[in-house]
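Got chain A sorted already, so can you dock chain B with the ligands onto it with the hints?
Chains A and B, in that order, give the protein sequences. All residue numbers for the first sequence refer to the working numbering, where the first residue is 291 and numbers rise by one. All residue numbers for the second sequence refer to the working numbering, where the first residue is 181 and numbers rise by one.
FYI, nobody ran anything at the bench for these hints, they're computed from the structure. Among the clues, some could well be false.
Below 30 Å or equal to it, Euclidean Cα-Cα: the simulated DSSO-like pairs (lysine-lysine) are [what the hints assert, rightly or not]: (1) B/K186 / A/K442; (2) A/K585 / A/K653; (3) A/K354 / A/K370; (4) A/K695 / B/K204; (5) B/K207 / A/K466; (6) A/K442 / B/K189; (7) A/K653 / A/K686; (8) B/K250 / B/K189; (9) A/K695 / B/K207; (10) A/K564 / B/K210; (11) A/K589 / A/K627; (12) A/K689 / B/K194; (13) B/K189 / A/K686; (14) A/K695 / B/K186.
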Amino acid sequence: MEENLREKLLKAFEGKLTKTIAMYLETCSRCGICTTSCHVFNSMPRPEYSPAARAEVVRRLYKKYFKLQGKFWPSLGEAKPLDDTALDDLDRAAYSCTGCRRCMTFCPFGIDTQQIMSIAKLILVAAHAEPEILSMLADVSISKGESIDLIKQGFIDGLERLEGEVVEKWKIDAEKIPIPTEVQEADILYVALAGAHSIIPSAAIFNAACENWTLSFFEAVNFGAFVGDPGKTRLIMDRIINEANRLNVKEVCICECGTAFRVLKQMSGKQSFKISSITEVHARYIREKRIKLEKNRFKGIITYHDPCQIARNAGIMDEPRYIIKHLTDNFTDLSKKPEENWCCGGGGGLVAMGQDSHDFRMKSSKVKADQVKATHASILVTACENCHSQLSDLNKYYKMGVEVKFLSSMVADSLI
Amino acid sequence: MSNEIKADKTLDLKGLPCPMPVVKISKGIKEVEVGQVVEAVTTDPGSLTDFPAWARTNGHEIIDTVQGDKEITFYIKRIV
Ligand code: SF4
Ligand code: SF4
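In isolation and in its complexed conformation, chain A is listed as follows (with noise of 0.2 Å):
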């Protein structure tokens, strides 16, 4: 590697090294007991997944780098250079993490290694050594951004045809528009992704409970942060909030998808309007009983898995329970406490990097599967984009034999 390279990564390494990271990387006393709450070490015990062996990989580079002379040590890790070698090893350990923070739970220090893996992508990021497909869907979004005047008309157009589908599931007066765009002052700018899936069934519930919603023109999914360049992170984040501010909004509402919301309602500081997530915004409206579900219309046992950027990293595990609740009597929980679940295995980018990653996220999510196995449930219920493709991709893998759903979806389908 060349002199000059080196000092480009390191001085990213030093934009980011806060004093909390500083304090994760020097505090890890190596008392293994995060090792086995890793889904990844659990399905495939390699030293090199336990959570402090990644992050030993960065804190490597600290050491040698930035430690500062004659402060406590307590890591029996030694210094490495930031070389071909490093990088490497950064790009094995940020991207066989899912930054699901089930570890973080477990450390008697809260150590984030996932924050001290956004650290390795940011490394990677700045190396151009980062996953190709992730850096071209978030250049992709953020290309949207600037180009949305010249294509929404499209969009619009394309909504038509979902009109019917959107009735169908919940009757509205003819005059009405099923799908809303542009309403300026409306309660609420939901926030979906690509697929009429994530539109036509929320768009049922907004307008069963009257809601005076818009659709935004954006998809909720922000792949800055998959990566780990925080200008794009920033970059997408901002069409959602000036669409936001233009419309002059009172409430987000960001879709079934985990880092989505996580991102936003966590990472874009202090906005005029709320942000929601789309089970939260379904919890109020059953609790305001502005919508009523029939419940067992779905037989079987049904469980639910909780998105860990929904639930263990952004507090949301109340609200799909209570929406179940109303559902099905039928109810099993995968795990005692929800803030303990485990990671489906797909996040970090992972899902998105498609069959390139198929093996790793099938073979890293064993303990997911025999979890899911473990409930003889018949549904698998979830509340994620990324959580419902990987736990759809583990039911064929390992033969689980549920049905996997959105909540969402079932809620559409329950309307009374």
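Showing chain B with the ligands alone in chain A's frame:
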């Protein structure tokens, strides 16, 4: 116009989850020669904003977009 376009490869991207339509078109376009055309069929309304943005970012050209009752068909020429 689409009647006159001869596609060199067809991709069925109907009903795929996010972000697979864009992932698959990115891979699919590399499987044809420069100047050849990929026909991509989707059901996602979002593809109507995603695909033009993808084409612009990656230097390809959408030569036609046909919106049917249920499906959207893009004809994309590989430029680079
Ligand atoms: S964040 Fe999740 S995947 Fe990453 S090391 Fe911790 S438990 Fe493992
Ligand atoms: S539990 Fe915490 S302190 Fe112990 S090895 Fe893991 S990261 Fe280090």
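Hint-by-hint comparison with the structure:
1. B/K186 / A/K442: holds, 27 Å
2. A/K585 / A/K653: Given that 30 Å is the threshold and the Cα spacing comes to 37 Å, the pair is violated.
3. A/K354 / A/K370: holds, 6 Å
4. A/K695 / B/K204: holds, 23 Å
5. B/K207 / A/K466: Violated: B/K207 and A/K466 sit about 41 Å apart, past 30 Å.
6. A/K442 / B/K189: Holds. A/K442 to B/K189 sits at ~27 Å (cutoff 30 Å).
7. A/K653 / A/K686: Given pair A/K653, A/K686 holds - Cα atoms ~13 Å apart, limit 30 Å.
8. B/K250 / B/K189: Given that 30 Å is the threshold and the Cα spacing comes to 21 Å, the pair holds.
9. A/K695 / B/K207: It holds: about 28 Å lies between the C-alpha atoms, which stays within 30 Å.
10. A/K564 / B/K210: violated, 43 Å
11. A/K589 / A/K627: holds, 25 Å
12. A/K689 / B/K194: It holds: about 24 Å lies between the C-alpha atoms, which stays within 30 Å.
13. B/K189 / A/K686: holds, 28 Å
14. A/K695 / B/K186: It is violated: about 38 Å lies between the C-alpha atoms, which goes past 30 Å.
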